[in-house]
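Using the sequences and the hints given, assemble the complete structure.
In terms of the working numbering, the sequence shown opens at residue 318 and continues consecutively.
No wet-lab data here; the hints were simulated from the structure. A virtual CB, placed ideally from N, CA and C, is assigned to each residue, including glycine. There's no promise every hint is true.
As the list claims (entries may be wrong) - Calculated lysine to any residue pairs in the SDA-like style (CA-CA distance at most 20 Å, straight line):
#1 K539 with D526
#2 K432 with A529
#3 K432 with G421
#4 K437 with K539
#5 K339 with L524
#6 K339 with G449
#7 K539 with D474
#8 K539 with N463
#9 K507 with G421
Said to hold, decoys possible - Now the in silico label distances, taken between C-beta atoms and shown as ranges:
#10 S556 with G340: 28 to 38 Å
#11 H557 with E498: 33 to 43 Å
#12 D519 with H557: 44 to 54 Å
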Amino acid sequence: MFDAAHHGAGGAPRILAIANQKGGVGKTTTAINLGTALAAVGERVLVIDLDPQGNATTGLGVAREDIGQSTYDVLIGEAGFDAVIRETGIPGLDCAPSTIDLLGAELELADFSRKTFRLKDAIAALMAGDRGGYSYILVDCPPSLNLLTINALSAADAVLVPLQCEYFALEGLSQLLRTVERVRNSLNRKLMIQGVVLTMYDRRNSLSDQVAQDVRSVLGDKVYQTIIPRNVRVSEAPSHGQPVLIYDGKCAGSQAYIRLASEIIRREQDLRAA
318 MFDAAHHGAG
328 GAPRILAIAN
338 QKGGVGKTTT
348 AINLGTALAA
358 VGERVLVIDL
368 DPQGNATTGL
378 GVAREDIGQS
388 TYDVLIGEAG
398 FDAVIRETGI
408 PGLDCAPSTI
418 DLLGAELELA
428 DFSRKTFRLK
438 DAIAALMAGD
448 RGGYSYILVD
458 CPPSLNLLTI
468 NALSAADAVL
478 VPLQCEYFAL
488 EGLSQLLRTV
498 ERVRNSLNRK
508 LMIQGVVLTM
518 YDRRNSLSDQ
528 VAQDVRSVLG
538 DKVYQTIIPR
548 NVRVSEAPSH
558 GQPVLIYDGK
568 CAGSQAYIRL
578 ASEIIRREQD
588 LRAA
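Following this line, the structure appears as structure tokens:
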């Protein structure tokens, strides 16, 4: 499919937080399908579901009744990732599932020491143990800039921002960029924007083009060349508990995520070489 750079087993994984405080921009779809595309070229990938809605969990085929302990238990210190992680049925792709319990995590974590580093500490413990060896960890963040998202940003090497091609896209983005800047200054010096991926692009709609141009004029080469189109197969796939790459690998949406994975791997190689 394309060349992968294997760097997981021996070194630390690359941790990417997939974040945007706006809902419905394609965060979960991106986490699921990027994870699948990376696994398809031999990367070992863990998707951590930090969204109480748990759509990444079910979208990767993990049934709610099979979950048991979840990322909530990890954050409040009741379980380690090794007890929580489930295989997805896709070779090389695992999932740390979420449950609705995460809704209460914010209040509970308020009293914890290192409350913004709960995820970071749990990932470090995972990597030190037998279940480590991931080359990419993708964190699917909730659609808000709450303590769950701050935990993801504190643990991440970089942020991947899905941005819907619609009128107010840039407004929400500036708020997210300010949050990333604050986290970098106070909690995580190495945090950077890995890239912005334009999602839900509709060729028939001139607004989509306009938004794409505006975003590129503001963010330049931080915006990936690959654009994820609006695609009915992409929206059908989660109801079958499958990434679109498995559900219909030939459709335009699947092909776009394969290209995106290729771009991300190349960008990661450049970052490491720099």
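Looking back at the hints listed earlier, which ones does the structure fail to meet? Numbers 2, 4, 6, 8, 9, 10, 12 - these are the hints that the structure violates, sorted from lowest upward.
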